[in-house]
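Peer 1: So the sequences go chain by chain: A and B.
The first sequence maps to residues 74 to 388 in our numbering.
The second sequence maps to residues 825 to 1173 in our numbering.
Hints are supplied without guarantee of correctness; some may be wrong.
To be verified - Simulated DEER-style distance windows between Cβ atoms:
hint, chain 1, residue 1, chain 2, residue 2, range
1, B, G985, A, N198, 36 to 42 Å
2, B, A915, A, R195, 16 to 22 Å
3, B, M936, A, A83, 28 to 34 Å
4, B, N917, A, A79, 45 to 51 Å
5, A, D297, B, F1079, 51 to 57 Å
6, B, N898, A, A326, 26 to 32 Å
7, B, M936, A, N198, 50 to 56 Å
8, B, T1024, A, M212, 36 to 42 Å
9, A, A79, B, R947, 25 to 31 Å
10, B, T1024, A, L94, 39 to 45 Å
11, A, L226, B, G985, 35 to 41 Å
12, B, N1041, A, A83, 55 to 61 Å
13, B, M936, A, T192, 26 to 32 Å
14, B, N917, A, V86, 50 to 56 Å
What the hints assert, rightly or not - Which bits of chain B does chain A cover? Going by a derived footprint, with three or more residues having C-beta under 8 Å, they are:
hint, segment
15, 924-932
16, 947-959
Said to hold, decoys possible - Reference listing, derived: stretches of chain A covered by chain B, where coverage requires no fewer than 3 residues with Cβ under 8 Å from a Cβ of chain B:
hint, segment
17, 198-210
18, 296-309
By construction, these hints were calculated from the structure, which means they are not laboratory data.
Given the structure is predicted, the values throughout are model-derived calculations rather than measurements.
Just so it is clear, CB atoms sit at the ideal spot from N, CA and C, and this is done for glycine as well.
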Amino acid sequence: MAKYLAKRAAAFVVIIFFVSLGTFFLVHLLPGNPALTILGPNANAHNIALIDKQLGLNRPLWTQYFIWLGNVLHGNLGQSFVTRESVVSTIAHAFPIDLELVVISQIIAFAVAVPLALTAVRKPNGRFDRYSTAGTFAMLAMPPFIVAPVLVLLFAVNTHIFPGPASYVPLAQNFWSNIHTMILPALVLALGSIVIYYRLLRNDLISTLQEDFILMARSKGLSDRRILLRHALRPSSISLLASAGINIGSLIAGAFVVEYLLQLPGLGYALVNSINQDDYVTVQGIVLVVAVAVVLINFLVDFLFTIVDPRISRD
Amino acid sequence: MTYPPAASDPQSAVPLLEVTELSTSFRTGRGLLKAVDRVSFRLGRGRTIGVVGESGSGKTVLARTVMGLLAGSNVEKTGSVRFEGQELLGAPNSELRSLWGARMAMIFQDPMTALNPVMRIGRQITESLRLHLDIDRSEARATAVSLLAQVGIPSPEERYGSFPGELSGGMRQRVMIAIALACSPRLLLADEPTTGLDVTVQAQILDLLGSLQYERNMAMVLVTHDLGVVATRTDDIVVMYAGRIVEMAPTSRLFSSMAMPYTEALLASTPRLSNPSHTRLAAIEGRPPDLTALPPGCPFAPRCRYAQDLCRRAAPPLVTAERPDHLYACWYPLGARTGPAPVSHSVSS
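Turn these sequences into a full structure, and let the hints guide you.
Peer 2: Below, the structure is given as structure tokens:
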């Protein structure tokens, strides 16, 4: 177990290094010149050279990278040329919103998908199974930028069940109204996950139920319900977990769309704004943090594997 | 080793298990597949019956039908299975569940796949104990540890928390026996309990089963493809072919005067210690018949070296030999194959 985790941790460090490389050099491919943005109407060749020198932008790209990396390792992501705010504080304000959004959306997704799958496998290809398959696929087919306005129309404009866009309340200010504002965006995000989790768990459960150890469990006199929950669910949840790891990573990107549409001041909102303002220091910081978060989530999933299935860490 | 029959008890008039004219069919895409065909036998308390046949002869389906584990819309069952006088065929699932694990239990062929790989073995034993017996967690734990000790698992306290993957095949089979015997069932259905194990471990497991059975006065249906396995460990033997009983007799009787050429062929394909090493094993020529399209005559005729015209035309009925407890289904039984005409038979029951 310790050896397995040590191996995963070593891989984690290597991956983070490449992520930082990618972040830095890809962001430098973006069009726009920070000196121009800062100077605005005062831009001339002399002033631009002055600013470039001040910011270290006249040095070779590799040198810039290592200076940046050194700062990052000290917890300093730089300072925005545009807003003069430190990138770390921008992220510290925005990131919890994404985190909360993803967590709530995943709670919704699992709370819907797992009971659906457990009910469907009682009669594979029965009526319930077919309807929930069709229903969940319909959810997958609807992209967030369609679902979000429709849900806003239904639940915020027409019925006032949930607050509309741009009504974010910080968690620290009022817990319940914060949760209340987050449910609608989280729901939009959850729809795509539900079908993935439902289909994976359903298929894995059906194949697990063919195993000898399920027959053995039946021959002990256990009830069907107990067999499903105690014997079939755990060995069937490996691919569910793996896909959740990958899915949550892409959800952070998906959250950007939802945040922008529903005017939630999360990372996606901040990222789109900084791209529009050529604020590449902030862009770099946000992309790095998101990438590290995605890698971290997958590391966490690797660790969960060892808990769910003891066979994994032995091999 | 053989164990003496159980002491007579007042209920011995009613056999523990009475299977009558039991048939099991599966609806398949190619038609009805009759996996078990009109099988009847009885089993007394504490006794052992061996069910022998090649793979595909219906012995596993028989064991599972007796237990009641085969269910589903594509399974058709007829006949009767009486356990302690109670009819099991068609009994509601809730009734069967209260018997399963408590009064009748099953051991499966492959200990690698029959234990839940992600559940500690201790839990897999206590689960059954807590379901059927009214005991608390710590009592269940203590019972499970003592069961592990009884089936010969070294340091059972530590092994209690092991996962199946951390044990060898033989150890896993011992765990499976511990699970099956947890609530002291009256009947154990052992489906090829030693097939996945190497020969020395096979003997250990069979000896263990025998002694536990004797201690607990438990009856056992021992399903195997290996006549050698049942030779010294059963009271009676049922030989199955194509879902039917083709010969049935007390064990010693079967070996001293077997009547069915199929039984003879099975015995010839059993490895023997008395043979010089590297002796070629006689395999039975051909393959078991397609159960959805059985030939009109004796199902074994195409593979039987004694087969004659009559065998290919008409299926032989199950008849009694000189002794009423010896039944066989053959037109030309071994040892009586002299005249050109079939020997006369008295049709049983």
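Peer 1: Against each hint, give a clear statement of whether it holds in the structure.
Peer 2: Hints versus structure:
A beta carbon spacing of about 39 Å between B:G985 and A:N198 agrees with the range 36 to 42 Å that was offered as a hint. Distance hint check: the CB atoms of B:A915 and A:R195 are about 21 Å apart, consistent with the given range 16 to 22 Å. At about 33 Å, the beta-carbon gap between B:M936 and A:A83 stays in the expected band of 28 to 34 Å. At roughly 49 Å, the beta-carbon separation of B:N917 and A:A79 lies within the given 45 to 51 Å, and the hint holds.
A C-beta distance of roughly 44 Å is found between A:D297 and B:F1079, which places it outside the suggested range of 51 to 57 Å. Taking the beta carbon of each, B:N898 and A:A326 are about 47 Å apart, not inside 26 to 32 Å as hinted. Remark: the range hint 50 to 56 Å for B:M936 to A:N198 is contradicted by a beta-carbon distance near 30 Å. Restraint check, B:T1024 to A:M212: a C-beta distance of roughly 58 Å breaks the suggested window 36 to 42 Å.
The hint said 25 to 31 Å for the Cβ distance between A:A79 and B:R947, and at roughly 29 Å that hint holds. Our hint of 39 to 45 Å for B:T1024 and A:L94 is violated, since their Cβ atoms are close to 59 Å apart. Separated by about 56 Å at the C-beta atoms, A:L226 and B:G985 break the suggested range of 35 to 41 Å. Take B:N1041 and A:A83: their Cβ atoms lie about 59 Å apart, and the range 55 to 61 Å holds.
Distance hint check: the CB atoms of B:M936 and A:T192 are about 31 Å apart, consistent with the given range 26 to 32 Å. Checked against the hint of 50 to 56 Å, the C-beta distance between B:N917 and A:V86 comes to roughly 54 Å, which is consistent with it. Residue count for the segment 924-932 of chain B with a Cβ under 8 Å from a Cβ of chain A: 6. That meets the three needed, and the coverage hint holds. For the segment 947-959 of chain B, the stated coverage by chain A is satisfied: 4 residues place a CB nearer than 8 Å to a CB of that chain, which reaches the threshold of 3.
Remark: the segment 198-210 of chain A is not confirmed as covered by chain B, as 0 of its residues place a Cβ nearer than 8 Å to a Cβ of that chain, below the required three. Coverage of the segment 296-309 of chain A by chain B holds. Counting CB-CB distances below 8 Å, 5 residues qualify, and the rule asks for three or more.
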